Amino acid sequence: MMHEQKPITQVRRMGTIPYLAEEDSQGTQVVPTLPYRKLTDGTYAPETTADPPVTDPDVPAGQISLLKGLIQQQNETLQRLATIEAKLHDRVAVDATLTGSNVSFVQKPDVVTTDTVITAGSNVIFKDTGDKPWVLGSGQRRVAAGYSLGTNAKSRLVVLFYSAKYPASYPLKDVTLVDNTGTAAASGAGITDALSNRYVLRLFNTDSVDITLKVLTRAEVG
Amino acid sequence: MRLMEALPHDWENMIEIPVAAVGPDGTQYPGTTSEAYLRTAFAQFVDLPVPLSEADYQALLAASTHNWQLNWRAFREQGII
Numbered sequence: 000m001m002h003e004q005k006p007i008t009q010v011r012r013m014g015t016i017p018y019l020a021e022e023d024s025q026g027t028q029v030v031p032t033l034p035y036r037k038l039t040d041g042t043y044a045p046e047t048t049a050d051p052p053v054t055d056p057d058v059p060a061g062q063i064s065l066l067k068g069l070i071q072q073q074n075e076t077l078q079r080l081a082t083i084e085a086k087l088h089d090r091v092a093v094d095a096t097l098t099g100s101n102v103s104f105v106q107k108p109d110v111v112t113t114d115t116v117i118t119a120g121s122n123v124i125f126k127d128t129g130d131k132p133w134v135l136g137s138g139q140r141r142v143a144a145g146y147s148l149g150t151n152a153k154s155r156l157v158v159l160f161y162s163a164k165y166p167a168s169y170p171l172k173d174v175t176l177v178d179n180t181g182t183a184a185a186s187g188a189g190i191t192d193a194l195s196n197r198y199v200l201r202l203f204n205t206d207s208v209d210i211t212l213k214v215l216t217r218a219e220v221g
Numbered sequence: 000m001r002l003m004e005a006l007p008h009d010w011e012n013m014i015e016i017p018v019a020a021v022g023p024d025g026t027q028y029p030g031t032t033s034e035a036y037l038r039t040a041f042a043q044f045v046d047l048p049v050p051l052s053e054a055d056y057q058a059l060l061a062a063s064t065h066n067w068q069l070n071w072r073a074f075r076e077q078g079i080i
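Line by line, the protein sequences give chains E and G.
Take 0 as the starting number for the first sequence in numbering that gives the first Met the number 0 and just add one per residue.
Take 0 as the starting number for the second sequence in numbering that gives the first Met the number 0 and just add one per residue.
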């Protein structure tokens, strides 16, 4: 608080606790800007960082230390409250984002769960058990798929979208989800916006040897 | 007719093969491959006239992966190559 300070010539007491009083230009007592130090003329003045610590014969050193400890605790408590408030603010923002985007993720039954050998240079289409494209669930807007291959395998995973009128012959569009060019951990996953509500997965073996497909999974995302 | 021309093509001009994948229980899944791949992997065979001689057929099998051997045997049994 900025105000014109008057010299303070006495230590006042609130109950048994001594404190250094301070008055503004109108003589009204205000919140003191502790700590103070005693000047050579017997008055008190606010201490600056360059000033020596508070010393007063009427205030035992133990009580000054106690007051400093209380102030330190109060500052730490305020800091913790500020941290909690910031976290709450962040959490509210995250919740608002999730609520706003209305994310839903539906994991579908695995397409391939055990080792399947894909012929060199070929591609195979995975579709519904009825030999038709899968139909995207109501409200879902994206298709995700992922696979795991044998070591160093080269392969490409593509999703094909079909029209409702020609669900078995002419795909509308193909989108590559993963393209492995031969790494020790040959696996990956991808997601794409659904261009229609009928789709299949197509796996290309881009290698010159037969490769092993270990797992192939898919999901539909809102 | 040459081997490449004899193989069945689909609407994408891809070559339809009976064995694009083999499951753990031996189940075979059909699929396709490209002329470009065949010309790379089986360059010395794709322009041979069909039916292949027994010697050429055996050489083709010897130059093939396990899954491709299954495909060539199927085509041979169907009288395509």
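Hint data in this document are derived by calculation from the structure and do not stem from the laboratory.
Keep in mind that a hint or two might mislead.
To be verified - Pair by pair, the computed Cβ-Cβ distance ranges are: (1) E/ASP127 - G/ARG38: 30 to 40 Å; (2) G/PRO23 - E/GLY138: 49 to 59 Å; (3) E/GLY221 - G/ALA42: 45 to 55 Å; (4) G/GLU53 - E/PHE104: 20 to 30 Å; (5) E/SER168 - G/PRO23: 56 to 66 Å.
Source: prediction; values computed, not measured.
Quick reminder that beta carbons are idealized off the backbone N, C-alpha and C, glycines included.
Which hints from the list above does the structure break, by number from lowest to highest? Those not satisfied are hints 2, 4, 5.
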